[in-house]
Amino acid sequence: MTPPVRLRALYETLAAVYGPQRWWPSDSALETMIGACLTQGTAWTSVERSLTNLRERGLLEFNALQKVPEEELRELIRPSGFMQRKAATLRALLDLLEQEYEGSIDQMAQAPPAAVRAQLLAIRGIGDETADAILLYALGQPVMVVDEYLRRVVIRHGLAPARARYAELQQLAMAAFAEERNSAAMANHCNEFHALVVQVGKAHCGRRPDCAPCPLRGDLDQHQQGQPAAY
DNA sequence: CGCCAGGCCGTGT
DNA sequence: ACACGGCATGGC
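The letter at position 36 of the first sequence is residue 35 when you use numbering that gives the first Met the number 0, and the numbering goes up by one with no holes.
In case anyone wonders, no lab produced these hints; they're calculated from the structure.
Treat the hints loosely; a few may be bogus.
To be verified - Each computed EDC-like pair below joins lysine to aspartate or glutamate, with the alpha-carbon atoms no more than 20 Å apart:
id: 1; residue 1: 66; residue 2: 127
id: 2; residue 1: 201; residue 2: 128
id: 3; residue 1: 66; residue 2: 11
id: 4; residue 1: 201; residue 2: 47
id: 5; residue 1: 201; residue 2: 191
id: 6; residue 1: 201; residue 2: 179
id: 7; residue 1: 201; residue 2: 167
id: 8; residue 1: 66; residue 2: 55
id: 9; residue 1: 201; residue 2: 11
What the hints assert, rightly or not - Label pairs and their computed distance ranges (CB to CB):
id: 10; residue 1: 87; residue 2: 184; range: 32 to 38 Å
id: 11; residue 1: 15; residue 2: 174; range: 18 to 24 Å
id: 12; residue 1: 106; residue 2: 166; range: 24 to 30 Å
Small disclaimer: the values here were computed from a predicted structure and weren't measured.
Cβ atoms here follow ideal geometry from the backbone N, Cα and C, with glycine treated the same way.
Please model the complete structure; the sequences and the hints are all you need to start from.
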């Protein structure tokens, strides 16, 4: 079987085990974008605290958030760490929204995804993964988010060389849904797949000796079975 | 107390 | 091209 087909099988396995994930957990597209930036190198529980700070002050809304001085913003997002960089990144993101899309995320979602991606990548603090997370989870575009967990799973299962770069892994993952012609359905698969990979990654990262048997264990090649879990 | 988290970037080789 | 350290904080 080709790597995309095997990857599709892994996706089905995870979907059967964990069920629908329905990511991204948030009440609005703006909150999703903010969360995507705040979660970089940070546990989600810490991000939630920052989002709560913003919510309590009614700042999960474009116009209100736009008015907040960066210094104050820093304090509000302190719980999720890297506050100086992240506050600046959020400001730049709001500026992009205002200057290019009249502060409307709906309008941003109508623009060509490639152009939006380039604009996001131009912001300091937003790289490939965060840009794609925003495209997928906030704007509904059919793109896979490649994170460290997906990378580990793909390499571990021998579906890509250990050296594979972001774009290569992304193409491979999306090729798993090549049969899907409907854009919305494709976006839904990307959405679920990434969320599922994060779930299995968190539960079976292989660093804890007492970690439960990985649901994907049966999909590993025979000669890989005995090795310690790598994700 | 030590390691890690739903990354990214600047620097040195 | 690739490795490495800094960025900050909270959970376990």
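These are the hints, each one checked on the structure:
no., hint, result
1, 66 to 127, "violated (28 Å)"
2, 201 to 128, "holds (17 Å)"
3, 66 to 11, "violated (45 Å)"
4, 201 to 47, "holds (17 Å)"
5, 201 to 191, "holds (15 Å)"
6, 201 to 179, "violated (28 Å)"
7, 201 to 167, "violated (23 Å)"
8, 66 to 55, "holds (16 Å)"
9, 201 to 11, "holds (18 Å)"
10, 87 to 184: 32 to 38 Å, "holds (37 Å)"
11, 15 to 174: 18 to 24 Å, "holds (21 Å)"
12, 106 to 166: 24 to 30 Å, "holds (27 Å)"
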